[in-house]
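K.L.:
Please dock the two separately framed chains into a single complex, following the hints provided.
Residue numbers (the numbering used here), protein chains in the order written: chain A, 1001 to 1250; chain B, 120 to 1390.
These are computed hints drawn from the structure, not numbers from a lab.
Hints may be right or wrong, so weigh each one.
List of simulated lysine to any residue pairs, SDA-like, C-alpha gap at most 20 Å [claimed, not checked]:
{"id": "1", "chain 1": "B", "residue 1": "K849", "chain 2": "A", "residue 2": "F1113"}
{"id": "2", "chain 1": "B", "residue 1": "K1294", "chain 2": "A", "residue 2": "D1090"}
{"id": "3", "chain 1": "B", "residue 1": "K849", "chain 2": "A", "residue 2": "L1151"}
{"id": "4", "chain 1": "B", "residue 1": "K1307", "chain 2": "A", "residue 2": "T1087"}
{"id": "5", "chain 1": "B", "residue 1": "K849", "chain 2": "A", "residue 2": "S1131"}
{"id": "6", "chain 1": "B", "residue 1": "K853", "chain 2": "A", "residue 2": "S1131"}
{"id": "7", "chain 1": "A", "residue 1": "K1127", "chain 2": "B", "residue 2": "R855"}
{"id": "8", "chain 1": "A", "residue 1": "K1139", "chain 2": "B", "residue 2": "K849"}
{"id": "9", "chain 1": "A", "residue 1": "K1127", "chain 2": "B", "residue 2": "K1307"}
{"id": "10", "chain 1": "B", "residue 1": "K1045", "chain 2": "B", "residue 2": "E1017"}
Across the chosen pairs, the derived CB separations fall in these ranges [as the list claims (entries may be wrong)]:
{"id": "11", "chain 1": "B", "residue 1": "S1265", "chain 2": "A", "residue 2": "G1132", "range": "53 to 59 Å"}
{"id": "12", "chain 1": "A", "residue 1": "G1132", "chain 2": "B", "residue 2": "L1348", "range": "43 to 49 Å"}
{"id": "13", "chain 1": "A", "residue 1": "Y1026", "chain 2": "B", "residue 2": "S1265", "range": "52 to 58 Å"}
Backbone N, C-alpha and C define an ideal beta-carbon position, used for all residues, glycine too.
In case you want the letters, here they are:
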Amino acid sequence: MKKIKNQEKEQENSIILSITNLHKRYNESKSNEVHALRGIDLTVRKGDMMAIMGPSGCGKTTLLNMIGHLDRRSSGDIIIGNVNTLTLSDNQMTSFRRDNIGFIFQLFNLFPFLTAVENVETPLLLKGMNSGLAREQAKMLLRELGMGDRLYHQPSELSGGQQQRVAVGRALINQPAIILGDEPTGDLDSTTSSDVMALFRRINRTNKQTLVLVTHNRWIAEQCDYIVHMRDGKISHSEQGPFNKKEKKQ
Amino acid sequence: MGIKSSFLIAWRSISRRKTKNLSVILAVALGVTLLVGIQITTDTLENAFLTSLLQTEGEVDVRISNSTSGEYLGAADQEIIEDMVPDAVGIMPELSSQIPGLVESQFDPNMEIAGIQLNYSNVFGTFYDWKTGNKINLDTMLINNNTILMSSDQAEKLGLDSSISLPFNITTEFTNLTTVIIPPPLVPLSNWTINPEYTDSPHVLSSNPLGLHVELQPVNFTSIVTAYTISAPNLKLSDYAYVNVTVSGSNNALITLGFFLDDGSSFLVANLTSPSIVNEIPFDLTPYSDRILRGDVYVSVMSSNGTQTSVDITEIAFETPTIGGSSREPTISFIPELERVELTIVGFFDSNRPGIGSQYSGVILKLEDLQSWISLQDPFQNTDIISAYLVAYKTDHFTQEISEEFLKIKVEEIEESIPEETDKITGETYKIYTVTSPRLTFFNIAGFFITLLSTILTSLGLLITLTGLLLITNIQLMSVEDREFQTGVLRAVGENRGGIFQSIMIENLFQGIFGGIIGLFGGLAFGQAVAIYLVSLFGTGQQSVQPIISQEVVILSVVAGIILSILTGILPALRASRVNIVDALRGIKIKFESKSSRNLFALGILIIVLGILFLLNNGIINESTQVFWSSKGWDTLAEWRNLMLGFGMLAAGIGLVLSRYINRVKAFNITAIVLWITPSFLFIVAMGNWITDIGSLSIEILLIGIGQIIIGSVLFLSLNLPIVMRGLRKFLIKIRGMKGVAEISPALISSHITRSTLTFAIFAIILTLNVLVATLIPTSLGTITQLESDSQGVDFAVFLNKPEAVINGTSFSAELYELDSRINDVIGFKTFNPSQDYTKFTALEDPSSSDFDVTRDLLPIGLTEFKSIQIRGNASDYSDDNWRYPYYLNSYPDGVREEYSSDLTDEELLVLSKKAWDQFFDLEYKMSAYNVSSGILEVISGESDISDLQIGSGEEGPFATNGDPLEGVDPIKDAEGNTIDNPIVFTDSFLLPVGMQVWIPMNTSSFGVPNYQAFTIGGSLDNQRAGGFPLGSGINFGGGESDFSAALGSLYLNEYWANQTNFLGFANGESPKSRALTQYDSYLIKSSLSIDDPQLEQIAQLIEEFTNTNDEGYRLLADDNFYVASTALTYARVEQTLQLTERLTSFLQIYVTFGLAIGAVGMGVISVRNVAERKREIGMMRAIGFPKSEVILSVLLELVVLGIIGLAIGVVNGLIISKGFANMQNMALLIPWDQIGIYLSFIVLIAIGAGSIPAYVASRIPPAEALRYVG
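One chain only, chain B, in its complex shape (with noise of 0.2 Å):
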C-alpha cells in the first residue's frame, strides 16, 4: 500500500478518534506555547531593555562635552562641531545642572534642569502634555527666567499629579558667586597721636589717611619724636609673610617702628635705620607666624647728625607670600550665597512619550535663561555656557532603533575628527572634547544583562520544554500502545512495516502543524502575559513594553510543532511497525529485550572512553588541576565539571556495557546512582566544605548538575517502579475496602513503566525547578536573627539632605532621642558626595605623575568620616567586647587578612574585622599599595569590553569576595625599590580592591588645586550581610533612576584625615563647606525593637515628619526650610539588594508555574487516556464486583502515586540543587517548607481533580459496555 492508502488511514484516525488526536494536539500545542513564550520574552526582555534606554536618552544619538572634567563648552564650539557631525540630522546646545526643588514640604535635593534652545531642531522630537498628550509649544510657555516646564516623573516625585492647578510655584536655590577684593591689611596712617613720653623736642605731626609726616628739630643728637595708633588691625600674624612700609624722609632720619603682640611683647620692623632702607626692604614676619598684633604700633624718629629731620610714611602693609616672594595685589576671593528663588512650573511635559521630553527627567528652562541662572556662580559671570551639544543622527529612534554597528562608527569617527590642544604646562597635546553615546553604552551594558538573562531563561526553559517533550511522548506513546491491536490487524491485512510507519507520521504531522498553530496563540498569550508583566518591574511607561512577536516566531511555532510531533512520534511510530501481528492481534504488549544489542554495547564503550578522558582533563591533560584520584583536589569548580561529566558518562556507559552480560535493572542502577550522587555530592559536601573559592553562581556547574540529578533520579525511580509498587501493595492490601485497588493499581503501574515514568518525571522536573526557585528568595534573604546579628543593632538610617545645623544646645541626634523612647542609640556620620566638583574627586592615578588624565583617573568617588567613637565606642581595641558598630568588613589590610581562611565562623570573622578596624584607627599604621587594578573600571572607561569580566567562575573578579585577593600580587615599589607604604581607608565600593592606592583631595592650597593624599584601600564593608553597609549605596539596574555615582560607592576616612580635608572635617574654618566636628548629616539607629518590627517603619517615619514639616519641627529649630530627611530601614534595604534577584526570580517563578499547568492539563490528557484505554479493564473490574467507588480510587491512586513519585523525587532534587546553589552564594540554605506543602497539595489536588472526572465518568459506563469496547 502506498502514501495513498497511508494518508487514508491517517486521516480516518484523525478525523475519528477526536479525543486521542485532541490530547496529542493539546500536548504538542503546550510544548510549543512554550517555546514560543520563551521566545517572546527573551526578545520583549531585549525590547524592554531599548525601549527604558530610549527613555532616558530620547532621539539623542551622541552627546559632545568638554574634555576636561567640569568644564563647559561655549557657543563658538557649534561651528566646530557641526563640521565634525556633517551627516547628523539634528545638532542642539544644552545646559544641564542640578539644582534642589521644594514644593511645599516635598523636597528633592537633586532636581535635574536642563536648558534647551527654544528652536530646536524638529529631529529631537516634541513635548506632549502630560494631561492632555498635546504638543506643548515652549515659544509661549517659557516667557521668562522663572518660567519652567516639569517632566511627570519630577512631578511625581514631589507629590504632584496632573490635576494640580498651574501656574505653580516651586522653590529652588542657585549660587550666587560675590567676588570680594580683599586689599592688604594696612596700618591706618591717620588719628596718630604723639606719645609726650618719648618725645622731647619740637616737632610737627601731621596724620591723615594719606599719609603719616613727623617732623623733628632736634635739640641734641638724642633728640626724639615718638607717634603712635591704637587702631591698627588684630592680624594673625601667620596669614603674612611681610610688612612692606613706604616711607621716604630726610637722608638723616633713623626711623624706629614697632609692633605690639597680644601678649605684650613688641617687635621693631625699623631700629634706627634709615628711610631708603626701609622703604626697599620688607620686614619678614615669620618668627612671628604664631602671634596676634594687639593693635598699637609706634614710630620713632631721631636724626643721625642733630640737624632738622623729616619723615613720611604713605603705607604700612601686610603681605601675603606667593610664587614671586609677597605680593602687593589685594586678594580676590569669591563668596558662594545661596539664592532662594522662585520658579513657576507653566506645564508639566510626560516624560514617558516619544520625543525629546522622555530626555528630561526633570525641569527645562530656556537655553538663555538657565545660562544666566548658572552663570551667577562663575566669577566672570560668562553666559556663554553650554554643557553638552547633542547630535541625532536619525529620527524616530522609537519606532525603528537606530543600528548599534552604525552608532559605532559614528562615535569613532566623531572620536577621529576632534580637534587637538597643546597643554600650555606640560606641553602634552590632548582631544578638546569628549564624545559619549549613553545610547552604546547602554547596549553593551544591556546586551550583557540579555545574554546572562535570557542564558538562564533559555536553560530554564530548555528544561521545562523538555517536560512538555515528555508529555508529548508519554500521549504518543499511549496512541500506538493502544492501537497495537489494530496496528496489527493492518499488518494483517496487508500493509508493511513501512506503510505503518507512514500513516502513523503523517497522523503526527497533523496534529503537528493543528498543535503548533494553536501553540503559537498560546505562545502569544503567555508573551502577552510576560510582557505585561515586565511593565510592572521595569516602570517604563504603558506603551513602551510590547510583546515582540516577530516573523521567526510565528514560522518556529508551526515548525516546532511539527518537529516536536514528528520528533516524540518516531520512536513509537517505529516501535508500531515493528509490531510482531500475532503477539498484537493476541494483545500481548510489546516488550524490549531485557539485554542490550551488541550496537548499545559498543555505544556504551565509547561513552565510557569519552567519560574517562573527562576524567583524566583533571590533572593530566589540564596540569593545572589535580588528578582526580587525589584528595587535594576536588577543590575547584572546573575540576567538578570535569568530574561530574566524567563520572556520568563512566556510569552510564558501564550501564550499557552490563546491560548485555546482567539484566538491565541492575546495570542501570548503577547508573543512576553515579549520576545521582556525583552532583549531589558536589552541592552539598565539596561545594561547603572542599571548594573555597567559589565566587557566585556558575551557571554551566549547575545546570549539568541539575539535568544529571534529575535523569539520575527519574532513571532510579523508574529502574525500581516494581519494588516501589510492590511495597506500596504490601502497604494497601492491609487497608479494607482498599484491597481490590490494592491489587490492581500499582500492578497497572509498573505494567506500564515507560509511561508511568514519563508521568512521574514531569512532575520531578518541574518541581525541582520549583522548590529551586523557592528557597531561592529566602536563602538569599537571610534568616531574621542572622540579619538581626549582621546588622550589629542597626535597624534604620536617616540622612539629611545637607549637614545639620549647628544650633546651640542641641543636634539632631539629641533631638532624635527625644522623638521616640524606643531609639537607644544614634550614631551620627559626615559623608560628602563630590557630585560635580571635580576638585574633589578621588584620583586613581598619582595627580603629580606624567600617566595622570584628567578625564579618564578622576572618579566621583563619595567620602565618609569614621570616628573610633562611632566603631568602637568606648572599646579600646578587639579584645574589648563593648564595640559600638564592628560592621563586618570582607577584605582586610595586611597583618589581618593572612589571618583569613574560608572557614572561618561569623564570630572569627567579627574578631578579623574588629582587627581590621582597630589598623583603620591607628594613625601609626601603614599598608604597601599593591599592584591591582579595577577590571569593571577598564569596562567603564572602555579600556576593556564587558564580556572580559568574569562574573561566572568567581576566581577574580568584582564579585569574588573569598579568598586573599592579594594572594601573588606584588607590592609597587618606588624608583629606589622601597614599597609605597600609605595611611589606609576603607571602602564600600566594588570598583575599588584592597590593595590599590587611590589619591583624595585634602585641603585646597592657596593655588586652587587639591593637595592630594596617597592612600591604600585597606579593606572593604561587607557588601552582603545586612543588605551592606547601611551609608553605602547598592547597584541598581533597570530601574532606571540608576545615579553612576552612587554607585560607585565610597571611600571610608579616619577622623585624623577627615580633618585635613575641608568638606568633612573642621580644616582651617574659612571654607564655606568645612563642618563643624559634629556636624553630621548620616545617622544610624538603633532601636530596642526588633529588626523587622513593623514599627520601626513608624519611628522612621516620625522622623521624616519631624525634619520635613515647614516651620515646624527640625527645620524651625535651625531656622531652615530645604531640611530633608529620608529614611532607610534595614530590613528595607536587605529586600531591596535582593531586588535584582527578585525580578530574576519572578521571572523563573512565571515559568516555572507555567511548568507546573503544562503538568497539571499533562496529568489530565494522560488521566482522560488511561480511563478512556483501560474501558474494558473497568468493565471487568465492575463485572467481578469493584464497586465504583473502588473504580474511581484505583484510576485515582495512580494518579496520585506518580503525581507524589514526582514530587518527592522534585523536593528532594530541589532541595539539593538548592543547597549547592547556596553554597555557591555562601549563604545559608533556608527552606520554605510551607511553599513546598503548597507545592504537595498542589500536586495531589491536580492529580485528583485531574483524575476525577474521568475515573467517574468511567465509573458510570454499565459494564457490559465497558466490556465490549476494544479500543
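Same shape as in the complex, but just chain A (with noise of 0.2 Å):
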C-alpha cells in the first residue's frame, strides 16, 4: 500500500478523509442492539487538526475506532486519500493502517514488556525494516520527544506524561498522514496536558500531519483547527477552533 502523502503532495489542503453516512450498531439484531452511530458525514483537509467532543456514549471513540479500522462499520463509506477502505481487504486495511495511520490512547496502550524504544521501533519491524535501521530512528524520534533519558525504560517505569510521549513517538514513527488520539490527555495532569497537547500541535505543524483527537474537555478541543460535536451518533455541529479564527482574522 502506497503511503497517501505522497499522492497528495501535489494538491494542497486536498481532502485526506472523508466519511459519508457512517452507520455503527453493537450487537446487530440482539435484544441489546445499540446503533452508535447513526449516519455520519465528515471531510477532514490534510493537515487539519480536528477535535471531536460530545457527552460520554455519544459515539466519538466509535467514530475514530472506525476511522482507524479497529472496528467494522456497519455500513457508510471511508475514504482515505484516493483509497475507499471499504474495497480492503483485512490484511490490505491492516497495513495501510500500519503506514498511514498513527494511534494515540487515553490509557497510553504500551506494551508493557518492551522498552521505550523497543515500542516505538515496533512499526518499523513490521514495515520489515532493517533491525539497527529502526532502532535507530527510534531513538532518534525519542530524543526529539525528549525521552532521550528514557529509552531503556519499561512503561511501568515511566511517568504518565512520558508514557504518552512514547505512544506519540509509536503514532509518528512511520510518518503516518493521519493521526488519531482517543483523549490523548485524559488521564494526564493540566500541564502535562498542555505539553502534550503542545507537541500535537508541533507536530501537526512541522509535518503537516492530520489529526483528529477525541476528547470532551472544551480546552483540549480549543487548541485544534476545527471542533466536531457529536451527540447521539450524529454530528450535532461544527465549529472552527479559536485559534484557527485568530489565525485566519490575522
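P.N.:
And the structure:
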C-alpha cells in the first residue's frame, strides 16, 4: 500500500478523509442492539487538526475506531486519501493502517513488556525494516520527543506524560498521514496535558500531519483547527477552533 | 469486610469468570485424576497378583503332604490330619502326578493329572462347564477309569476349543512296573554226558533236572569217571561272587569240577575235593571277575580208597554278593514298561472360574481310578496312595480374600501338631508331614513384587503428579496476575489483606471440590484402562482383574482436589493479598525483591550445614567409606548418594546466602549448575569408570539423580531465560515477516519468567521420563550385532520331549542338516530333568553327613552334559581360535577368576571364559569348595525373609554379577584342616553361587541308594548375554505357568562325569534311563541367517512339522508318535527374558503417556488463558499494524519455544539418566532416536494445536473490542 502523502503532495489542502453516511450498530439484530453511529458525514482536509467533542456515550470513540479501522462499520463509506477502505481486505487494511494511521490512546496502550525504544520501533520492524536502522530511527524520534534519557525504560517505570510521549513516538515513527488520538490527555494533569498538546500542534505544523482527536475537554478541543460536536451518534454541529479563527483573522 | 463478603466475591468470581475457573478446575481435575489413577493402579495390581494366585489355588488354603519327598500318604492319614486341623471347613485327599498327553499331533509332555474324590466337601466349590458355564456333576461324568475332565487351560495348550464334539480321545502313557524274579543262574544238571577220554572204569551216570548222579566202580586207584555239559550259561563273572555247589556223596569220593572260560582256559572249583568240603565252601569267583564262561563244565569223580563211590550234585549256583556275604535269594528286578492308554475326555471345565476347577490346570480323574493307574508303577501295586490332603479354612475366597495373618497362624499351628516319628536308622525324630501353603508363599512373593512395583510406580507417579502441581500453580498464578488490577480496586474500596486472601482461598476451595469430583471420574477411567491392560498382561481371565476402587480413593480424590488447589493457591493468594494498591491500579507488575531476605539467608546457612554433614558422612561419620576429597573414593553408590545430597544442599545453601549479596540470578546459577552436574557426572562418568560393583538398579540413587537433574536444569534455564530469549530475538529479527513477532514474543516470555518456567518445566519432566522409558527396552535388548556375537552364532534351539531314538544310519542331527541347507551346525546335548525322581535330585549338603535334611537339602535341578566337542569343537585350548560354541561365563573357577576385573572388554572376557572352559574339560582340575550359601534358597526354605535379600545395593545377592564373589570367603576345610577339592561343574542357576559345594547322584548302587559325588560350582554361564544360555530357562513371574523346577536352572557336567550317571551317560547300559553316547535331546542350531532373520522362524517351524506329524518324518523314522520337538529362537528368547522389564516398562509407558496428555491439556489451558488475558495487547498489536498472521504466530511461537525448551531439557536429561540406568545394568545405551523424534513432533504439534485455536480466535477479535478489554 502506497503512502497517501506522496500522492497528495501536489494537492495542497486536498481532502484526506471523507466519511459518508457512516452507521455502527453494536450487537446487531440482538435485543441489546446499540445504534452508536447514526449516519456520520465528515470531511477532513490534509494538515487539519480536528477535535471531536461530545458527552460520554455519544459515539466519539466509536467514530475514531471506525476511522482507524479498529472495528467494522455497519454501513457507510470511509475514504482515506483516494482509497475507499471498504474495498480493502483485512490484511490490506492492516498494512494500510500501519503505514497511514497512527494511534494515541488515553491509556497509552504501550506493550508493558517492551522498553520505550522497543515500543517505538515495532511499527518499523513490522514494515520489515532492518532492526538496527529501526532502532536508530526510534532513538532519534524519542530524543526529539525529549525522551532521550528514558530509552530503555519499561512503561511501568515511566510517568504518564512520558508514557504518552512514547505512545506519540510510536504513532509518529511511520510518518502516517493521519494521527488519531482517543482522549490522549485524558489521563494526564493539566500541565502535562498542555505539553502534549503543544507537541501535537508542533507535529501538525511542522510535518503537515493530520490529527483527529477525541476529547471532552473544551480547552483541549480549542487547541484544534476544527471542533466537531457529536450527540447521540450524530454530528450536531461543527465550529472552527479559536486559534484557527484568530489565525484566519490575522 | 468479613467472611461473608469473601464468599460473595469468591462466588461471583466463580460464576462470572467461567473460562478462567474452568481452567483451574480442569488442572485440579487432572492432578486428582493422576493421584486417583495411581492409587487405583497400585490397588488393582495387588489384586491382580492375588487373583492370579486364586486362579491357581482355588479355595485351598493349606496342603499337607508326606515329609519324605516322593513318598505318598495313605487313607489312614486322613484321621490324623483331621485332628490336626479341627477348624477346617473342608479336607480333601488328592493324588496328582504328570503324564504325557497326545491329541492328534498336539502333545503336552507334562500334563498334570489329579485324582479327586467325587464327593468332595462343597466348600471347595464346583466345576463349571467351559462352554455353558453350568455346574458339572462329576458323579455322572467320570464313570470309569478312562473318563477324564480336561481344564480349559490344558485344552487351549493342546489346541482344542470348546466347540469340539465330545467324547474325545487322548492318548497317554502310564508306567507299568513288572516285577521280574531272577533266580541265581544255575548250571543245568540234565543232559550231561560221559567224556570217554577221561573215563576208564565202569560207571553209572544219571542226569536229570533234579540232580546229577555219578557212580564209579574203580578198577584201581586211578580210576576216573568224567561227565560234562555244554549247556552251562555264558555268564559274565564280574556279576557274581561265588559258585556254590550243593553236593553229597560217599566219603571216599574225590570231586573235580572245572569251568571253561571264553579263552579256552579253565578254572577248577573243586580239585579232588571231598563232597562235604565242596558243599560247605563256596568258590570265590573274584579272580575271574573279568572273564566270561564258555558254557562247558565237567565233573570228575575218583575214589580215594579204590572202592565204589558215588556223588550227587543237586545244584551248581552262581551267587551275587550281598551285605551278609553271598545270597542264594533270587534277584528281584522291576522292569518299567510304558503302557499306552486311551483316555476319554467327557467334558471341559473352565479353569478360569472360581471354585475347585480353578485349581487344576490339567485333567482330573476319579481318585480311585487314578490311584489304580498310578499304583501300576509301584512294585507292590499299592492303591492306597494320596499325594496331599487339601485343607480349606473358609469358603468363597474369590469374593473375600483370606487374611494373611490368619493363614500364618494356622500354618504354624498345624506345624506344631504334626506327629513325629523316629528314624529307625539314624535314631533322629522327624515330623511325618510337611505343611505348605502356596497361598501364603504367594502372599510373600506378591508382597515383594508389589512393593517393588509400587515403589517404582509411586515415585514415577509422584514426578508426574508434580507436573500436575506445576500446571495448577501456573494457572493459579495467572489467575492472580491478571486480577491484580481488580485486587487493587478491592483493596482501594476497603477490603483488607485477609479478606483478599480469604476470598481467593474460598474460590480455590470451590475449584478444589469441583476439580476433585471431576478428577475422581477421570481417575476411575484411568484405573479402568490400567485394569484392562493388566488383564492383558497377566492373562488371568476376564472377570479376574477388576479395578479396585476403595472408599479411601473416593475420599482421597476430593480431599486431594481441595488440598491441591489450596496448596497451589496459597502462594498466588499471598501474592495477591500483598499487592501494592497503587502499583496494581497503575498496572505495574509485582516483582520479587531481587535479593534474599535475612530469613532466606539463615535458611541458606542451615542447608549448607546439612550439605556439609552429608559430605562428611563419607569417610568421617561412616568410616568404611572414602572421604569425598580422596581420589580413591567415590566408587560406591552409597558414597554417591551422600555426594549428590551433600553437593546439592551445599549449592542450594550457597545460592541462598550469596543472593543476599549478589544478583539472585548469578547466585542461583551456581546452585543450578551444581545440582545438574553432580548426578550427570555420576551417571555418565562415575558409573562407567569408577563404580565397579553396581549389580543392578538402585531406585534410590535414580530418584535422587532424576530429581536433582530436573531441578538443576529447569532452574538453570529459568534463570537464564532472558539471555536465551535475547538470542531468540536476535535470530528471529533477521527474518522478514517475523520481525514484529521477534520484537514481541521473546520479550513476552522473559517478562513472565515464573509462568514460562512452569510451562516448560512440565514438559521437561514428562519428557525426561518419556525418554528414559523409551530407552529402557532397546537398551536392555542390546544391538543385533552385540546379540549376534553374544549368541556365538546359535540362532535357535530345538528341544525333544525325550532322548532321540537310536536309529541305524541316521540321527536327529543328521536329519536336521537334511531339512534345510541353511543350517550350518547342529550341536546336540543331553539334558536331564529329575522332575519328581528324588533319587536324582542334587544335594546341597553332604548326604552322608548328619546335617543332611532330605526335605530341605535336595533340589530338583536339571543336569546336562557338556562334551568338549560341543563347546571347543576341534580347538585344543583357549589360544586356539576355532572354538565351536565358546559360551560366556560370568563367574569363573579358581585360577581364572583372579584375572577378572570389571573393565575387561568382551574379547578379554571371552578369553577368560575359554580358560574356564579349558579347566572344565580338564579332568585333573579340582577346585576348593568355599563357605558360601545361597540367599534365595534360604528364603525359599523359609530360613530367612525375602526382604533380607539385597537386590538394590548390588554388593551381593542373587543379581550381583560383578567383582570377585569369593573375595574374602574362606575355603572349607575338613577335619584334618585340608581344603576340600572337588571336580567342577558349571551352572546357570541363579541359586547356586560359584564356590558352593553340591552333591550330584551318580550311578545308583545295588542298595538302591544313589552314590553322591561332590562337586564345586566352578562357574556360571552368563545369564544375560543373548538372553542367557539357550538350554537353561529363565525365571518368569506372573505368567501363571512358572515351573519351579525349570526356574531352578541346571548343573552342567563334563562328559566324563556325565557318563558316570545312568541318566545322562552310557553307564552300565542296563538302566532304562541310560543313554547311548549320542542320544541327545536338545540341539543348538547355527545357520547362515542373521539372528533376527524372520526366516529362522520358518526353519524352526519346518523342524517342528518334521518331528510332530504322526507317522511321518521323524515319528516315522523312530516309529514313535510320542516324539515332540519344540523350538526357541534366540532372538525371541531375548525378548522373552525382557518380559518383566517390558511389563514394567509398559506400566511406566502408561504413566508417562498420561503425563504427556497432561502436558498437552495444560498447554491448551495455558494458551487459552494467555490469549484471553492478552486481548488488550493483541488489540494494540492489531492497532499498530500487526497482520493477523503475525498475531497468531506470536502466540504460537511462545508455546512452541517453551515446548522446545522443555523438550531439549527433557531429551538431554532423559539421555543422561538413561546412561546412568544403562551403566547400572552394565549395558550399552541405545537411543531410540526415532521415538525421540516422535516426541519432538508431538510436542510441537501439541504446542501448535493447543495454541492455534485461541490464537486464531484472538486474531479475529476487532482491535477496538480488544482494546476495551480490561481482564
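K.L.:
Between K849/B and S1131/A, is the straight-line Cα distance small enough, at 20 Å or below?
P.N.:
holds (9 Å)
K.L.:
Under the criterion that the straight-line Cα-Cα distance not exceed 20 Å, is the pair K1045/B, E1017/B satisfied?
P.N.:
holds (16 Å)
K.L.:
Regarding the pair K853/B and S1131/A, is the alpha-carbon distance no greater than 20 Å?
P.N.:
Since the Cα atoms of K853/B and S1131/A sit roughly 7 Å apart, the hinted pair holds (cutoff 20 Å).
K.L.:
Given the hint that K849/B pairs with F1113/A, does the C-alpha gap stay at or below 20 Å?
P.N.:
holds (17 Å)
K.L.:
Can you tell me whether the CB distance of G1132/A to L1348/B sits inside 43 to 49 Å?
P.N.:
holds (46 Å)
K.L.:
Is K849/B within 20 Å of L1151/A, Cα to Cα?
P.N.:
holds (19 Å)
K.L.:
What's the verdict on K1139/A and K849/B, does the C-alpha distance respect the 20 Å limit or exceed it?
P.N.:
holds (18 Å)
K.L.:
Hinted pair, alpha-carbon criterion (20 Å max): K1294/B, D1090/A. Please report holds or violated.
P.N.:
holds (18 Å)
K.L.:
Check whether the Cα positions of K1127/A and K1307/B lie no farther apart than 20 Å.
P.N.:
Since the Cα atoms of K1127/A and K1307/B sit roughly 14 Å apart, the hinted pair holds (cutoff 20 Å).
K.L.:
When you check the alpha-carbon spacing of K1127/A and R855/B, does it fall within 20 Å?
P.N.:
holds (9 Å)
K.L.:
For a C-alpha distance cap of 20 Å, please report whether K1307/B and T1087/A respect it.
P.N.:
holds (18 Å)
K.L.:
Within 53 to 59 Å or not, the Cβ separation of S1265/B and G1132/A?
P.N.:
Taking Cβ atoms as reference, S1265/B and G1132/A lie about 55 Å apart, which means the hint holds.
In this structure, none of the earlier numbered hints is contradicted; all agree with it.
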